[in-house]
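Engineer: If you want the building blocks of each chain, they are given just below.
Protein chains: 2
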Amino acid sequence: MKNKQMKDALEEQAAFIDGYLDKYLAKKDNPQSVIYEAMRYSVFAGGKRLRPILMMNACKICGGDVNEVIPFACAMEMIHTYSLIHDDLPAMDNDDLRRGMPTSHIKFGEATAVLAGDALLNKAFEVVSEYSGDDTRRVMKAINMLAVSSGAEGMIGGQIVDMESEGREITLDMLRYLHLNKTGAIIRSACAIGALIGGGSDEQIKAVDEFAKNLGIAFQIQDDILDVTGDESELGKPVGSDAEEKKNTYVGLLGLDKSKELAEEYSDKAKEALALFGDKAEFLIELTDYLTTRRS
Amino acid sequence: MKNKQMKDALEEQAAFIDGYLDKYLAKKDNPQSVIYEAMRYSVFAGGKRLRPILMMNACKICGGDVNEVIPFACAMEMIHTYSLIHDDLPAMDNDDLRRGMPTSHIKFGEATAVLAGDALLNKAFEVVSEYSGDDTRRVMKAINMLAVSSGAEGMIGGQIVDMESEGREITLDMLRYLHLNKTGAIIRSACAIGALIGGGSDEQIKAVDEFAKNLGIAFQIQDDILDVTGDESELGKPVGSDAEEKKNTYVGLLGLDKSKELAEEYSDKAKEALALFGDKAEFLIELTDYLTTRRS
Numbered sequence: 295m296k297n298k299q300m301k302d303a304l305e306e307q308a309a310f311i312d313g314y315l316d317k318y319l320a321k322k323d324n325p326q327s328v329i330y331e332a333m334r335y336s337v338f339a340g341g342k343r344l345r346p347i348l349m350m351n352a353c354k355i356c357g358g359d360v361n362e363v364i365p366f367a368c369a370m371e372m373i374h375t376y377s378l379i380h381d382d383l384p385a386m387d388n389d390d391l392r393r394g395m396p397t398s399h400i401k402f403g404e405a406t407a408v409l410a411g412d413a414l415l416n417k418a419f420e421v422v423s424e425y426s427g428d429d430t431r432r433v434m435k436a437i438n439m440l441a442v443s444s445g446a447e448g449m450i451g452g453q454i455v456d457m458e459s460e461g462r463e464i465t466l467d468m469l470r471y472l473h474l475n476k477t478g479a480i481i482r483s484a485c486a487i488g489a490l491i492g493g494g495s496d497e498q499i500k501a502v503d504e505f506a507k508n509l510g511i512a513f514q515i516q517d518d519i520l521d522v523t524g525d526e527s528e529l530g531k532p533v534g535s536d537a538e539e540k541k542n543t544y545v546g547l548l549g550l551d552k553s554k555e556l557a558e559e560y561s562d563k564a565k566e567a568l569a570l571f572g573d574k575a576e577f578l579i580e581l582t583d584y585l586t587t588r589r590s
Numbered sequence: 295m296k297n298k299q300m301k302d303a304l305e306e307q308a309a310f311i312d313g314y315l316d317k318y319l320a321k322k323d324n325p326q327s328v329i330y331e332a333m334r335y336s337v338f339a340g341g342k343r344l345r346p347i348l349m350m351n352a353c354k355i356c357g358g359d360v361n362e363v364i365p366f367a368c369a370m371e372m373i374h375t376y377s378l379i380h381d382d383l384p385a386m387d388n389d390d391l392r393r394g395m396p397t398s399h400i401k402f403g404e405a406t407a408v409l410a411g412d413a414l415l416n417k418a419f420e421v422v423s424e425y426s427g428d429d430t431r432r433v434m435k436a437i438n439m440l441a442v443s444s445g446a447e448g449m450i451g452g453q454i455v456d457m458e459s460e461g462r463e464i465t466l467d468m469l470r471y472l473h474l475n476k477t478g479a480i481i482r483s484a485c486a487i488g489a490l491i492g493g494g495s496d497e498q499i500k501a502v503d504e505f506a507k508n509l510g511i512a513f514q515i516q517d518d519i520l521d522v523t524g525d526e527s528e529l530g531k532p533v534g535s536d537a538e539e540k541k542n543t544y545v546g547l548l549g550l551d552k553s554k555e556l557a558e559e560y561s562d563k564a565k566e567a568l569a570l571f572g573d574k575a576e577f578l579i580e581l582t583d584y585l586t587t588r589r590s
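Protein chains in written order, with the numbering used here: chain A, 295 to 590; chain B, 295 to 590.
Fair warning: there could be bad hints in the mix.
For chains that are exact copies, the list does not tell them apart, and a pair is met inside one copy or across any two.
[Said to hold, decoys possible] In silico SDA-like cross-links for lysine to any residue, where the CA-CA straight-line distance does not exceed 20 Å: (1) 321 <-> 471; (2) 541 <-> 325; (3) 435 <-> 362; (4) 540 <-> 312.
If you're looking for bench data, these hints aren't it; they were derived computationally from the structure. On a predicted model such as this, the values are computed, not experimentally measured, just so you know.
Use the sequences and the hints to build the structure in full.
Structural biologist: Next comes the structure, spelled out in structure tokens:
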């Protein structure tokens, strides 16, 4: 698949998810309607829907029906978005712009931004618990995976470690731990939930999880590489901002060449993990190549 | 039941819940352990566990086993606590003290306070989705009620209306709407979830919900009354702070006498709603009297 074809495929899948996000986050005509404006503003600020797309494809390769993961795919995107809103707050990263647009607290004020993040997190658990089908036990397990991966032993845990290590050098092990949690945990649960709801066997779920774990690391290393080698207009943010903010990065710890090697290594591991799916894994394998060689 | 007896009963029930909260929030020995410190600090800062107690007793009068609502009772308290942490933030109410102790952002810094609130909200959904019993469908419905009541159509909706109406006078209808959402929604869902998990019939669940709706309003009016007539040392906060912060209150809109009448009216309605439970409702009826005539 050429880059252009992959881009089109990703855009198509993102549009599919966007239709459901639009319904789930329909603005209510009530006294608190500004909260819906704020939730929608950040959710529809140009996200690529990577986590929902991973989830849908993990579901598909296990033989599942993509429609069954829609609530989880949307919930995942709401959780990802809430984490960005709170990350951008003055007390956290203090970012005024994201993808070239004013961040939530710049647009709506800090109090509304805090609450819009909170409301998206609540909404995520609301949509996944609306389930009325027969496989309640499996869905309950998926809700639990969602909560664990977003919480103190997942994404939030990684954010804490990231904050605590800013401005001081950490070991490669700690950097890996940080990213396995901060960005890796929900990439992993996106894939594992897709496989679980898709009816995957234990072996298939394990394989998908191994794929996601390695993809998450490769993705993060590429992120760090782009911060040094990327093009500002393609990235939508200044190049070199990690170093300026004294963030710990793979490039900072290992240098550019070794980082590129490592990204390829993890990317290969991710693809190998999908071997048991044969041809069915084609899209996820090409997506891995696309993501770990991306320019923005 | 005398006040002293009621106080002892409430303390005993609170201690029962605290034991479980302590287990659910056990500090982990890992690089992000400060998040557990921050979560525990606010959860164990002297809360009275009113919502869990209401839930347990709503379960009991429907003939249910209190042990079955423990995860939900703890989740409810985590959600209540997260909302207080975020409410206290500089961008929101900017409170340095709560119950005489430094608030989370004063103690741990603003970034950790934001994340501790987020982590408690995640943890709430984690503990309720750990369920492995047979009544998965009922538990799923309860998770949904929890999410809805805490979200944009519940507590967060009320917080938004509260923020937007600060500094300008609102109608009594809007004040009621505000409180029905801000404090009322989770008091209601605490009771309704207790009745639901307790195996209550539709009629019983409806009665418990009607009780909770009226109790919530009576409780809020009493809160407003105490802000004017209360004793600073008993309240743990300055008297008259509502008026100073230009908050809309029942006392501000209706005066003290009319507010007292109204509190009694809603308190009566709450107690009447429990008629179908006969003697079994004794504790909840006495609790209603206790809460709506409380001094702090």
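Engineer: Work down the list of hints and note, for each, if the structure agrees.
Structural biologist: Outcome of the hint check:
Taking CA atoms no more than 20 Å apart as the test, residue 321 paired with residue 471 passes between copies only; the shortest distance there is 18 Å, against 39 Å inside one copy. In this homomeric assembly, residue 541 and residue 325 come within 20 Å of each other (Cα to Cα) only across copies, at 17 Å, whereas the closest approach inside a single copy is 42 Å. In this assembly of identical chains, the alpha carbons of residue 435 and residue 362 lie at most 20 Å apart whether taken from the same copy (15 Å) or from different copies (18 Å). When the C-alpha separation of residue 540 and residue 312 is checked against a cutoff of 20 Å, the pair qualifies neither within a copy, at 35 Å, nor between copies, at 41 Å.
The structure is inconsistent with hint 4 alone, although it conforms to all the rest.
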